[in-house]
Amino acid sequence: MHRCLTLMLAATIAIVAASQAPARASDLRVCADPNYLPFSNRAGQGFENQLAAYVAHALGERLVYYWDDTRGPGGFDEFVQNTLNKKLCDVLIDVPYASDKIAPSSPYYISSYVFVFPKRKHYDIESMDSPDLRNLRIGFEADTPGENGLKMRTLIIHGVPFDSADDDNGSPADMLGAITKGRIDVGVTWEPAVGPFLRSMPQMEVVGVPNSRSQGSPEQYVFPMAMAARLGDTATQRKLSNVIAAHKADLVQILARNGVKLYMPNASAL
Amino acid sequence: MKRWSIVIILAFVALLAGLAGMLKNGNAQARVSLLDMSKDANQWVIPALDYSATRNSSLKEITTDNVKNVSVAWTMSTGATRGHEGQPLVVGDTMYYESAFPNHVFAVNLDDYSTKWEFTPKEDPFAVSVACCDLVNRGVAFGDGKIIVDALDGGIYALDAGSGKVVWHSKNADPEMGQTVTSAPLVVKDKVLVGVSGGEFGVRGYLTAFNLSSGKQVWRAYSEGPDSDVLIGAGFPGPKNAGRSTWRGDQWRVGGGTTWGWYSYDPGLNLIYYGTGNPGTWNPSQRPGDNKWSMTVFARNPDTGQAKWAYQMTPHDSWDFDGVNEMILADLKVNGQQVPALVHFDRNGFAYELDRRNGKLLLAKKFDPSVNWATEINTSTGRPNVVFAKTPREGVNVMGICPAAMGSKDQQPASYDPATGYFIVPTNHNCMDYKAFSVKYKSGFPYVGATVKMYPGPGGNRGAVIAWDPTDGHIAWSDPERFPAWGGVLTTAGGVAFYGTLDGWFKAVDTKTGTQLWKFHTPSGIIANPITYMHNGHQYVAILSGVGGWAAIGLAANLAEPTAGLGAVNAAQDLSRYTQLGGDLLVFSLPQSS
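The listed protein sequences derive, respectively, from chains A and B.
For what it's worth, our numbering labels the leading residue of the first sequence as 602, then goes sequentially.
For what it's worth, our numbering labels the leading residue of the second sequence as -1, then goes sequentially.
It is worth saying that the hints were derived from the structure and are not from the lab.
Hints are not guaranteed to be accurate.
Straight line, CA to CA, 25 Å or less: simulated DSS-like cross-link-like pairs of lysine-lysine [unchecked claim]: (1) B:120 x B:187; (2) A:862 x A:720; (3) A:722 x A:862; (4) B:438 x A:752; (5) B:438 x A:687; (6) B:169 x B:187; (7) B:187 x B:163; (8) B:433 x A:702; (9) B:120 x B:58; (10) A:722 x A:782; (11) B:37 x B:451; (12) A:702 x B:114; (13) A:720 x A:782; (14) B:331 x A:752; (15) B:438 x B:451; (16) B:388 x B:438; (17) B:451 x B:433; (18) A:702 x A:687; (19) A:840 x B:438; (20) B:438 x A:862; (21) A:688 x B:438; (22) B:451 x A:752; (23) B:517 x B:58; (24) A:722 x A:702; (25) A:849 x A:862; (26) A:687 x A:840; (27) B:114 x B:163.
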């Protein structure tokens, strides 16, 4: 299985290299960021690259990328506007299930925001309400549920912001580096953004952040993730959902190999 | 081979245990139906006292005249510290009750207060992290010599009432799917009805009927999806497959509509009644449509689960007004006409009176005048006349919505007192600002949310206990409470109504006037429901004390200054000025000579 995927991947990269040929009906045209690991890059090293290659293979289609920066001015919405909505490509590989400006497939995995800290610290952290957090310097990604949760509890005074989603030169791994260097005690981030890096950091403890209502407002940290087509492109949307239904186990295996942890693993009923 | 023999031996042992239980409980009890047992005021055999969910006892040793002399008869620690939302049962000379998580169950001998047996289920620890609003429990059920226990992780246990031994074990939820169970089951004939919690996690709600003798699932009725899943068949008065067509795309699969409230039953009509919770995604802008059958009163045949009728109270819920509160069955004169009615005080602030034979809306009126999300319920269409300016929508901070998300009343059950004709209703009185966000994707980081800020409603009190006159739908009296009245109400033939408060007062008031007659300060805040029973010729009133649940969260949140910023006193510390966590059972009576 593993060797098969590797071969496939190699074949795909070859295809990518030759992908400036005119579009064909049998192309799987994926919109992706050329420089945003661990998600995707032009060299095909991200887990979204591997998922795209697998989907193309399963469909018997040729994988063609349309590259654009997801972290430029206007952010992800602008990226969608400039790529998918301009019909320069047709498929997004990894987006939240309930997104409303695109047409999501059925979800194929559920992951979660997590607390990351060195195991040797033995912090007792189970949720945003854990008392240990009150005395720690907490790293968070700007404008994510983690920041909101810290604000609600006035923990933000000990907060250290990271902004890998807005900074072309930043990486979700920056937070992990800050933990290692002791600049922060604990980080709150989206597991798939750091899972691939954590494979080589067995000294780190990773604890899921449970959804909460403890402050009155609903706080969601666990998200079902899907692929997506352009709004209105029901044929592609259905095609993606069908691939997911038929090959979910393999997709999940690709995620697992990349260190992306699943939360609520019985998501099959979704 | 070996495994089979063990199974057979176990089955045999269970059979023997069952027989022994029957013998011990006596032939009389084995033959008397739960329905008949529930008519014996000395006992309390159904969570809500009777199938009609009246919580009205005909006991009258304690009266408006002598209640001032009531004092503590005996107490017991529950060994749990989370929110205690349930009530004990009394069957014969034994009291049975369940604590909050870790769901200790006790059988207590009423003669000497010794513990006959104790049971604590082994639970999936994952359940703790997906329980929405504290690790509450709302009590056990009794039927056919068994005590039925719902555990937080969805485990359903039938225990022999005499020995506490497990007769069968079943499962109604999977915490890894975000599902938990907090409600009290209801035994109807040979079925056990069990609901599910977890609307916060995109759970698709359902109600399940298990066989009382075997624990095998008999039917499961989903709140959304095609009619075949919702158990809607021929003769149903409503649109076909609305559980699917009133959602965008596949959203019904994560449609919410959980069933964590109370269940009632009309043996004459052979119908069970319950309500469903809020629809799945928090942000209403993301799920266009009526989102049926969330926020719905269902009437179902208990034998098959088939829906006889359904009435959706809050189509396309934008406020989080779960429709799960209790359905009280009473034969009433409404607008001058005698009707077999169902009365329901909804989170949304409207009291609904329906003809329980067919779901026809007879009357719907606000039971808190501050309610402003809708002006009225149109009696011919059954739909609310919604005020757009008080409707949460994406990206807009909608201010001053009354009631707040916890509703004008949550699950804390009301009581119907036929002597006065009043429903005595524990209510909340909070308003909120609500800002909903869409699911966003910030290049690698998903985000969704809603920010809710809650504060006391007009007048400054956060709750009240009211008397509701159902004949024309008006408030006969109202006792304001500092905090949301999050405990249930008991009314008695002695003319006394009992209820507990979040700050730990257990109170007795005159059912007719609301005048306070007695109060006692309990170890912790009360979010549970009082019961009453007779033992050795005397009337007792029992209540669980143990604050927690969403109420305590609300309490904490309400006390925090809205501007609480850097270095502000932690909200939880404010709560501790009034009460502490900790579960206790308290039992009261008139002073007894000897």
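How the hints compare with the structure:
no.	hint	result
1	B:120 x B:187	violated, 28 Å
2	A:862 x A:720	holds, 18 Å
3	A:722 x A:862	holds, 22 Å
4	B:438 x A:752	holds, 19 Å
5	B:438 x A:687	holds, 20 Å
6	B:169 x B:187	holds, 20 Å
7	B:187 x B:163	holds, 22 Å
8	B:433 x A:702	holds, 19 Å
9	B:120 x B:58	violated, 41 Å
10	A:722 x A:782	holds, 14 Å
11	B:37 x B:451	violated, 45 Å
12	A:702 x B:114	violated, 60 Å
13	A:720 x A:782	holds, 14 Å
14	B:331 x A:752	violated, 52 Å
15	B:438 x B:451	holds, 22 Å
16	B:388 x B:438	holds, 24 Å
17	B:451 x B:433	holds, 9 Å
18	A:702 x A:687	holds, 14 Å
19	A:840 x B:438	holds, 24 Å
20	B:438 x A:862	holds, 21 Å
21	A:688 x B:438	holds, 21 Å
22	B:451 x A:752	holds, 14 Å
23	B:517 x B:58	holds, 18 Å
24	A:722 x A:702	violated, 42 Å
25	A:849 x A:862	holds, 15 Å
26	A:687 x A:840	holds, 20 Å
27	B:114 x B:163	holds, 12 Å
Hint compliance for this structure: hints 1, 9, 11, 12, 14 and 24 are not met, and every other hint is.
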